[in-house]
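There are 2 protein chains.
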Amino acid sequence: MGKILGKQSIVFENPPYIIEGASVVGPKEGEGPLGKLFDVVEQDPMLGQDSWEDAESLLQKEALQKVLLKARINRADIRYIFAGDLLGQLIGTTFGVLEYEIPLFGIYGACSTMGEALSLAAIMVEAGNAENVVAMTSSHFASAERQFRFPLEYGNQRPFSATWTVTGAGAVVIGKGKGFAKITGITTGKIVDYGVKDAQNMGACMAPAAADILYQHFQDFNSTPADYDKIITGDLGLVGKTILFDLLNEHGYDIAKVHMDCGVEMFDASEQDTHAGGSGCGCAATVLTSYIFKQLKKKAYKKILFIPTGALHSTISFNEGNSVPGIAHCVQIECC
Amino acid sequence: MGKILGKQSIVFENPPYIIEGASVVGPKEGEGPLGKLFDVVEQDPMLGQDSWEDAESLLQKEALQKVLLKARINRADIRYIFAGDLLGQLIGTTFGVLEYEIPLFGIYGACSTMGEALSLAAIMVEAGNAENVVAMTSSHFASAERQFRFPLEYGNQRPFSATWTVTGAGAVVIGKGKGFAKITGITTGKIVDYGVKDAQNMGACMAPAAADILYQHFQDFNSTPADYDKIITGDLGLVGKTILFDLLNEHGYDIAKVHMDCGVEMFDASEQDTHAGGSGCGCAATVLTSYIFKQLKKKAYKKILFIPTGALHSTISFNEGNSVPGIAHCVQIECC
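The listed protein sequences derive, respectively, from chains S and C.
For the working numbering, count along the first sequence from 1 and bump the result up by 1.
For the working numbering, count along the second sequence from 1 and bump the result up by 1.
If you are wondering where the hints come from, they were derived from the structure by calculation, not from laboratory data.
There may be inaccurate statements among the hints.
A pair counts as met if it fits within one copy or between any two copies, since identical chains are not told apart.
[Unchecked claim] Here are the simulated DMTMM-like pairs of lysine to aspartate or glutamate, each with C-alpha atoms no more than 20 Å apart in a straight line:
id	residue 1	residue 2
1	Lys-198	Asp-51
2	Lys-179	Asp-255
3	Lys-198	Glu-100
4	Lys-37	Glu-272
5	Lys-231	Glu-321
6	Lys-299	Glu-154
7	Lys-295	Glu-146
8	Lys-298	Glu-321
9	Lys-71	Asp-51
10	Lys-198	Glu-251
11	Lys-4	Glu-14
12	Lys-303	Glu-146
13	Lys-8	Glu-272
14	Lys-71	Asp-274
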């Protein structure tokens with residue numbers, strides 16, 4: 002049974018296992034520094050579909066198929082899926098998981114969604130409500146640009162603080178059976194709003210939420226940055242990362258030595274014109290299910306924090322003058 | 002601990018309690034047949050805000066405040082909120098709960114969201130991960146029209162199969178402490194797609210999902226319609242209701258005697274020009290927290306099924322020619 006810890010955390014007394022993960026990405030991600038580590042690199046960003054949105058759904062479909070194959074688990078043995086994406090009304094997820102006929106909990110936490118999915122999947126398994134649960138998220142550069150910014154055909158300029166939405170999906174099977182790692186605790190985020198209104202600088206919008214949840218995690222678990230081999234944020238990028246360091250320094254925590262940001266790792270910014278880094282639900286999800294899981298499997302990482310962050314806005318809220326608040330969900334993972 | 006039951010259900014061995022509920026609605030809902038039963042009827046559909054979206058956020062803010070007051074629980078004693086709405090990227094929820102600083106799991110199941118929220122809140126409490134959790138959803142007629150259909154200024158015609166999105170928010174506190182009812186089981190829906198492409202006939206899109214989940218619930222719990230005082234769907238409306246009856250009749254179940262649909266009850270269709278009935282996340286949520294909870298409190302209902310249904314689409318998926326699949330989440334509630 003889970004045990005309530007501190008203000009915002011749960012520590013799992015019988016930690017659920019991470020049984021397997023799978024990652025599917027687009028061509029640009031395949032050309033990046035982590036390119037060789039993904040399970041599947043699609044060579045066509047449209048995946049042969051007629052729309053970007055259908056392409057994104059296919060990414061989820063493929064990631065789910067791949068993780069079931071890798072884990073040697075049948076579709077019928079997955080009790081629930083916790084999944085989400087960035088598109089309005091989660092249409093990426095809807096058409097991605099439809100054919101699998103698995104009970105679905107649709108979730109939305111912007112780019113923090115993989116943290117939310119892992120948290121809820123872990124709770125479900127640990128409480129004895131399921132043998133196996135899938136946590137999955139996706140994003141697609143072109144569908145996200147249409148959803149949040151301008152039609153690609155405009156060829157609009159991107160400021161250097163802007164990030165590049167990752168085309169990719171990551172899926173994880175959490176279960177009771179033996180896996181290579183376990184989820185030993187979670188710290189669940191609240192919405193944090195510093196009043197930033199620049200939707201082209203999402204790192205700045207999300208960094209306060211990352212700082213807030215990390216500070217709370219250290220308090221709840223009575224831990225320090227030195228207790229972790231890596232503290233991994235989702236897609237703060239180069240701008241958000243610096244702000245996170247500054248905010249945590251104010252609380253007396255220096256995480257620079259153990260910090261890694263999935264968005265910073267995903268692309269070679271100078272070669273790939275991605276400015277502040279990669280972003281999107283698919284960014285943290287695909288780096289988790291490729292590079293990070295490989296490090297856990299070979300025990301290069303023994304204990305990590307995975308903290309994807311989300312910027313909570315829509316074109317409507319933005320155009321009506323609202324700020325872009327952030328949220329972050331922290332998942333503590335240990336190899337075994 | 003929850004116990005896995007059948008293919009898609011959980012039966013709670015230590016059922017979490019429904020401690021209190023609160024409902025806030027707009028003026029049109031206040032003039033409907035249930036008008037006197039809501040906690041708050043706002044007289045201005047804008048709630049004094051500058052945008053429909055800000056008005057919807059305020060509905061959530063008020064519903065949350067009201068339920069805490071009614072339950073005599075402090076904000077700090079709510080461990081988690083499970084909340085969602087119909088707007089892209091859940092901006093109704095984001096700006097509705099922001100000030101409360103309570104850890105948030107954002108969820109999306111279209112109009113089934115209250116069923117999803119209650120399910121996850123119940124799991125959280127029963128697993129010992131929280132003393133009190135809030136489940137909350139909202140919708141707003143005008144923000145939903147902007148999100149899904151046409152600008153109100155167009156004055157477009159609505160077919161008779163169309164429903165009228167309810168302006169309202171409902172909030173429920175689920176907890177370990179004594180309440181007037183308990184959640185004794187859940188059956189979680191999968192996406193069901195009959196290929197219907199008419200977004201102006203959401204009843205037809207959702208009825209197959211309602212039939213699917215009800216059939217599965219009867220199988221998993223080895224029960225029949227006669228075991229329940231009421232079987233309550235969310236917003237199938239007059240068209241969807243008939244389809245649900247037909248589909249269940251094919252399986253040998255006749256629910257007509259015990260069935261009620263929140264969308265049908267919400268408005269007087271002939272007087273209020275609402276065509277097939279009310280709809281939206283706020284429809285099931287406000288009828289649950291007003292009329293239904295009152296019936297449970299006075300033990301007029303001893304055992305019910307609450308099954309909000311959602312139509313999974315966006316303007317993008319619809320305009321790209323995709324169908325509108327449905328999903329439904331079933332919650333078994335018993336008075337105590």
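Next on the checklist: Output the indices of the hints that this structure fails to meet, ascending.
Outcome noted: 2, 5, 6, 7, 8, 9, 10, 12, 13, 14
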